[in-house]
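Student: Chains as they are written, first to last, in the numbering used here: chain A, 359 to 496; chain B, 359 to 496; chain C, 359 to 496.
Calculated directly from the structure, the hints in this document are not laboratory data.
Cβ coordinates follow ideal geometry from the N, Cα and C atoms, glycine included.
There could be a bad hint or two in this list.
[As the list claims (entries may be wrong)] Among chain B residues calculated to face chain C with C-beta under 7 Å, some are:
#1 Val-360
#2 Val-367
#3 Tyr-375
#4 His-396
#5 His-400
#6 Thr-422
#7 Ala-433
#8 Val-449
#9 Thr-454
#10 Met-483
#11 Asn-486
#12 Thr-490
#13 Thr-492
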Amino acid sequence: MVYQKQLTVTTNGRGTYDITRDISGIVSESSLQDGLCHIFVHHTSASLLLCENADPTVRRDLETFMKRLVPDGDAMFQHIDEGPDDMPAHVRTVLTQSGLSIPVINGRCSLGTWQGVYLWEHRTMAHNRRITVTLSGD
Amino acid sequence: MVYQKQLTVTTNGRGTYDITRDISGIVSESSLQDGLCHIFVHHTSASLLLCENADPTVRRDLETFMKRLVPDGDAMFQHIDEGPDDMPAHVRTVLTQSGLSIPVINGRCSLGTWQGVYLWEHRTMAHNRRITVTLSGD
Amino acid sequence: MVYQKQLTVTTNGRGTYDITRDISGIVSESSLQDGLCHIFVHHTSASLLLCENADPTVRRDLETFMKRLVPDGDAMFQHIDEGPDDMPAHVRTVLTQSGLSIPVINGRCSLGTWQGVYLWEHRTMAHNRRITVTLSGD
Chain A
359 MVYQKQLTVT TNGRGTYDIT RDISGIVSES SLQDGLCHIF VHHTSASLLL CENADPTVRR
419 DLETFMKRLV PDGDAMFQHI DEGPDDMPAH VRTVLTQSGL SIPVINGRCS LGTWQGVYLW
479 EHRTMAHNRR ITVTLSGD
Chain B
359 MVYQKQLTVT TNGRGTYDIT RDISGIVSES SLQDGLCHIF VHHTSASLLL CENADPTVRR
419 DLETFMKRLV PDGDAMFQHI DEGPDDMPAH VRTVLTQSGL SIPVINGRCS LGTWQGVYLW
479 EHRTMAHNRR ITVTLSGD
Chain C
359 MVYQKQLTVT TNGRGTYDIT RDISGIVSES SLQDGLCHIF VHHTSASLLL CENADPTVRR
419 DLETFMKRLV PDGDAMFQHI DEGPDDMPAH VRTVLTQSGL SIPVINGRCS LGTWQGVYLW
479 EHRTMAHNRR ITVTLSGD
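With the sequences and hints as input, model every part of the structure.
Tutor: Right, dumping it as structure tokens:
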């Protein structure tokens, strides 16, 4: 079987947004027992993250790391019409994931104890981010 | 159903090669309605990229970023027999994707408006790159 | 069909561990002919790697690169309770893959000639790492 569902995440600018419960809910309503849950973000300046879900400092440190690795307004970038955070947002997306697949076992999304699913908004402004979840299997 | 197809992309050295139309064509001929399109590159010095498809400067800036992050001929690398771009090509592959899955909805590859699919050749010399596309679903 | 199998990899600290044969074995016992093999690691401080399998220097150079990119004990990190390698382990996981899909063709895992599958342990201490392999297709 295949079960697909759209999801829109409204962000208020750069940062990580926990979507673990949304994903688990879609897995439940699909009635899939065994297979895969695929999550896809239809944008090139936001991405997906599987990350430690207990201490929010982890995601803050990730943000700090990315800011240092891909500085906003870096003089090396020529694609600057949409602002100093635009090209860094594309780079950050390329260095992380636009799609994630997670095993579904016995009707549940089989994440590790410390794994959460996050949308990572890379632009500094608020956006609506479109996500498609595809469940497939038995 | 499962539908698989091989694709060879001939590159003329480092850079990004748009394969969006090839992928869309394979989705069409598969007659898959709903499911996933998986793209896989069978090499360790070329990778796949979902990237902004409107302004080519974005992909040039990505190249500039990668050249600075993983410089050719960096003295830290010991695997240098095949040239100064060989080990950087492996690193760039590891930091990006060897495989991508994209939702198929109503018989079409459901990319975002600004998403294109690219093969990223990381070696400076020309290569033939082998890709397998796997369609699965209903 | 869907076929799932758990795998535990015992590591003795930071480094890459070849799991290509384990994965091939699971593909064989599944009797899947055509489809995809998905590998997922249920942790946020270890990841998966498709990498050159001939010269071990490649994986040593990757380690060197990551140590320079994300130095243990970097003063920018605030999540330090579990040691100087903890936050770098999360960053390294985010920059690589928690899940990989590989095409299965004619009953075999269709890796390129030089592609091997590795678990990348990012913590300096030994760990047991849980992996789920999901085979799906015909």
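Student: Give me the numbers of the hints this structure contradicts, sorted from smallest to largest.
Tutor: Violated hints: 2, 3, 6, 7, 9, 10 and 11; rest satisfied.
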